[in-house]
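Undergrad: Chain F is already provided as a structure; the job is to place chains L and P on it using the hints.
Residue numbers (the working numbering), protein chains in the order written: chain F, -14 to 145; chain L, -14 to 145; chain P, -14 to 145.
In short, the hints are calculated from the structure, not lab data. All residues carry an ideal CB built from backbone N, CA and C; glycine is no exception. Heads up, some of the hints might be wrong.
Claimed, not checked - Keeping only pairs whose Cα atoms sit at most 27 Å apart, straight-line, the calculated DSSO-like set for lysine-lysine is: (1) Lys132(L) x Lys132(F); (2) Lys132(P) x Lys132(F); (3) Lys132(L) x Lys132(P).
Said to hold, decoys possible - Pulled a few chain L residues facing chain P out of the computed Cβ check, cut under 8 Å: (4) Gly(-12); (5) Leu(-9); (6) Ile1; (7) Leu84; (8) Phe86; (9) Ala135.
Unchecked claim - Counterexamples of contact, computed for chain F against chain P with all Cβ distances above 12 Å: (10) Thr29; (11) Gly45; (12) Arg64; (13) Asp77; (14) Glu82; (15) Arg110; (16) Gly113; (17) Leu116; (18) Glu119; (19) Asp123.
Given next are the chains, with one letter for each unit.
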Amino acid sequence: MSGDDLAARVQRLEDIEEIRQLKARYCAYCDAGYDADGIASLYTTDAVWDSGRTFGRAEGREGIRAHFQGASSRLSIARHQIMNPIIDVDGDEATGEWLLFQPCTDTRDDSAAWLAAGYRDRYRRVDGRWLIAETLIDVAFFAPYDKGWAEQRFLTGREP
Amino acid sequence: MSGDDLAARVQRLEDIEEIRQLKARYCAYCDAGYDADGIASLYTTDAVWDSGRTFGRAEGREGIRAHFQGASSRLSIARHQIMNPIIDVDGDEATGEWLLFQPCTDTRDDSAAWLAAGYRDRYRRVDGRWLIAETLIDVAFFAPYDKGWAEQRFLTGREP
Amino acid sequence: MSGDDLAARVQRLEDIEEIRQLKARYCAYCDAGYDADGIASLYTTDAVWDSGRTFGRAEGREGIRAHFQGASSRLSIARHQIMNPIIDVDGDEATGEWLLFQPCTDTRDDSAAWLAAGYRDRYRRVDGRWLIAETLIDVAFFAPYDKGWAEQRFLTGREP
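Okay, chain F solo, but in the shape it has when bound (with noise of 0.2 Å):
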């Protein structure tokens, strides 16, 4: 094998490790109070955030700021928890589909909830750094912690 194939292999490598930990990035800023300077540092300038109904949409990286800073006054506590990244690369493009499993507080009248989904995002290398371009975000349940998700699958309000 030749020295350059094997660079190219291992580029692939660091970059699904430098996209893992961007993704875990935005969830840290997320639990972090929703830090909406952090997690808009991590959206390229033209990207989209989507989550359908449940929590809106929002275009560019100044719209999303904009979307993340009323966000902690709607969940007070909100755990980012990722699993199963299915992350491909292809150049400086590249896709990720997760899920999330999130134990929140609904600030509405302070009550916990399970918020189940899965993330389809894309990436772009920016500069040199992998940058979010997109999240569509498909809320599997959204349920009140006092009934679960078989009694009530989705928060009143809260319908995809």
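TA: Then chains L and P, alone, in the frame of chain F:
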């Protein structure tokens, strides 16, 4: 260090990453209403899937396909959230340990439940692609949501 | 790129993978009834394990061993499910951040509980093998199952 040694080390890292994604794909097929064809495509022809008495045992790719064809009628929601991988590669064979934490809905009475288990897998490289050769599932608890695992560790009829 | 540079990049990826598995082994020993000898074997002789007031603090490998010898009498079930690693390697030192989401059973009254916490670890390479040099645990909630974290954020006597 010789280039061959370095290539072998990169290969090992690629193998671990491919196995992690293989297991995540297994989980994604399970979460998608137990896609039996998708699940079967990830197993070797002589594979074993064994959960003990909880969900039974299946042998061979075709046995595994048949086993999962009925699964979505038993669990309507099942989020296969996996964590804590310990993957050990030895040539074309590998082993993996994982934790599973699965919120699910039991269709027998449309009730929510928590399944916590350990996976012990064996993997084999076949024609250059990693497949699952064995899945053993060790159930720690499979508890009704309304009681929790301390009050009732296993669903009725799902004792291990 | 020189072969030496590439070898250093591969080494960094191997270090990250070894540290991930080190942490997973720590969790596996904890889940196996808090195997105190196993846990101690993963720490440096001068290590610190500090959970604040929740479970106290231990110093040194022997102090950590002694600390965990009593742990299974406090938590009979404890699933150490870890996610969101951010690992940063610098030569023979490294840091790691993780999320922990732990369903457990409190033996004081045989009740189920949820522990959500952040780990901040330091690791050190000793004789070619990565060990844990420091574990700091920041508890977000430690809530009784029957109430959830919004109604009662911390178990009685387990306030941080």
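Undergrad: All hints are to be evaluated individually against the structure, with a verdict given for each.
TA: Consistency of the hints with the structure:
no., hint, in the structure
1, Lys132(L) x Lys132(F), "11 Å, holds"
2, Lys132(P) x Lys132(F), "11 Å, holds"
3, Lys132(L) x Lys132(P), "11 Å, holds"
4, Gly(-12), "7 Å, holds"
5, Leu(-9), "6 Å, holds"
6, Ile1, "6 Å, holds"
7, Leu84, "6 Å, holds"
8, Phe86, "5 Å, holds"
9, Ala135, "4 Å, holds"
10, Thr29, "21 Å, holds"
11, Gly45, "26 Å, holds"
12, Arg64, "5 Å, violated"
13, Asp77, "19 Å, holds"
14, Glu82, "15 Å, holds"
15, Arg110, "17 Å, holds"
16, Gly113, "15 Å, holds"
17, Leu116, "16 Å, holds"
18, Glu119, "20 Å, holds"
19, Asp123, "19 Å, holds"
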